[in-house]
Structures are given as structure tokens and as C-alpha cells.
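Start from chain A and add chain B according to the hints.
Protein chains in written order, with this note's numbering: chain A, 1 to 108; chain B, 1001 to 1108.
The list that follows gives simulated cross-link-like pairs (lysine to aspartate or glutamate, EDC-like), each with its CA atoms no further than 20 angstroms apart:
#1 A/Lys-88 - A/Asp-61
#2 B/Lys-1088 - A/Glu-98
#3 A/Lys-88 - A/Glu-98
#4 A/Lys-88 - B/Glu-1098
#5 A/Lys-88 - B/Glu-1104
#6 B/Lys-1088 - A/Glu-104
Just a sample of chain A residues kept apart from chain B, beta carbon distances all over 10 angstroms, derived:
#7 Leu-38
#8 Ser-41
#9 Arg-54
#10 Met-55
#11 Gly-62
#12 Asp-70
#13 Arg-71
#14 Val-77
#15 Arg-80
#16 Glu-82
If you anchor each label on the Cβ, the simulated ranges turn out as follows:
#17 A/Ala-57 - B/Ser-1052: 29 to 39 angstroms
#18 B/Pro-1078 - A/Ser-91: 42 to 52 angstroms
#19 B/Pro-1079 - A/Arg-84: 51 to 61 angstroms
Source of the hints: derived by calculation from the structure; they are not laboratory data.
For every residue, glycine included, the Cβ atom is placed at its ideal position computed from N, Cα and C.
There are 2 protein chains.
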Amino acid sequence: MKRISSDTPLSPACRMIEQFGSRWALLVLLTLEQHGTLRYSALRRNIPGGISERMLAATLDGLEQSGLVDRTVYPEVPPRVEYRLTPKTASLLPILHELLAWTETHAE
Amino acid sequence: MKRISSDTPLSPACRMIEQFGSRWALLVLLTLEQHGTLRYSALRRNIPGGISERMLAATLDGLEQSGLVDRTVYPEVPPRVEYRLTPKTASLLPILHELLAWTETHAE
Chain A
1 MKRISSDTPL SPACRMIEQF GSRWALLVLL TLEQHGTLRY SALRRNIPGG
51 ISERMLAATL DGLEQSGLVD RTVYPEVPPR VEYRLTPKTA SLLPILHELL
101 AWTETHAE
Chain B
1001 MKRISSDTPL SPACRMIEQF GSRWALLVLL TLEQHGTLRY SALRRNIPGG
1051 ISERMLAATL DGLEQSGLVD RTVYPEVPPR VEYRLTPKTA SLLPILHELL
1101 AWTETHAE
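For reference, chain A alone in the conformation it holds in the complex:
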């Protein structure tokens, strides 16, 4: 059993889980997993349930800062902006799917 105390790096870990543990962050990650690279508008359209522009922008910002999502801007007119998962997210997704499977079994 893992000992937890204030000198373990648990706190950054918890902050990061809190980051991708938000409902919208999870849905963004799963939508990009399913569709691969997506432009902003297509990403928004493919997120189930409907997400506001503001919430999607904030969620993508947080995911980009955590290094979970890559944002590429192509210098076209108008600029094309595409989002995709980063390589490190590939190793996170199996754990997120385990977590989703657990909650689907145990949610009341």
C-alpha cells in the first residue's frame, strides 16, 4: 500500500487527474481518440451532449497545457487549427477506459 504524505508528488498528480477528470476533458479525449485529428468545429460537433464554445476553448487550453492534446495552426487564410492527442495520451487512454468501464458497472 502506498504511503501518502505531503512530501510525495501526489499533489501534482491529483491536480492532473482533476484536470482530465472533468466531464468535458474526458469527452474531448475520447472524441479525439475516436476521430483522430479534428478541426475545432468538427471536434465541437462530435462531442456528445453539446458543449459551449467557451467551455470547449477552456477545456482544450487546459489539455494542451497538460500536454495531452496537440494544437496545430496551419497558416492559411482563414487559419486552419487542428487538434489531436499527443503520444503520451496513448498510454493514458487504456486507464481511462478501465475507469469508464468501472463506473458503467458501479454507477448507481
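Chain B only, in chain A's frame:
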């Protein structure tokens, strides 16, 4: 690959992940895992980083409603209140530890 759409039970699953994905909820679960049954005051003392009374009460409330934590009140004077993980939480903890291990490796 799992298809996501608005008719899958992803939404309750996401809400539940959001619930235990909060920093304090995670710390409560890990503290109860480490110490077993704890009274409110001992639980609060053992949570690293310091948690306010109000935040701990709200976190425990949410975890109890999700069926992740059991609250037992012993009719003594003054009443003794004890918290422990529920049996279903036992199957969640290995996944949470995987998630923590992942974030410890990948947090920047």
C-alpha cells in the same frame, strides 16, 4: 474502439469520474485506504496538505452519495461518526493507483 454518442451511458460515468476525480475526493479515498476506518477528526488530520472542515464535509457527502464511502454513526454521547471505504471502492482503487502512477510519470 468504443463508440461514444449521446445514447451511451457515458454521461453518468463521466459525472462519477468527475466526482472522485477531484483532488480532495482522491485524497480522502487514499487516506481511508491507508488507515481503514477513521473518525472524522482523525480523517481530517491524516489528509496531506490540510483540508477545510467545509471542504471535507462536502467531499465526504459526495463520496457517500456515490456509494464510495460508508458513514456509520454510533449513538453515543457525543455521537461517534466513522468513515470507511465501501466494498465496491476496493475494485476502484487499483485503477486509481494506475492513474496516479501514470500522472507521476507524465506530469510536467
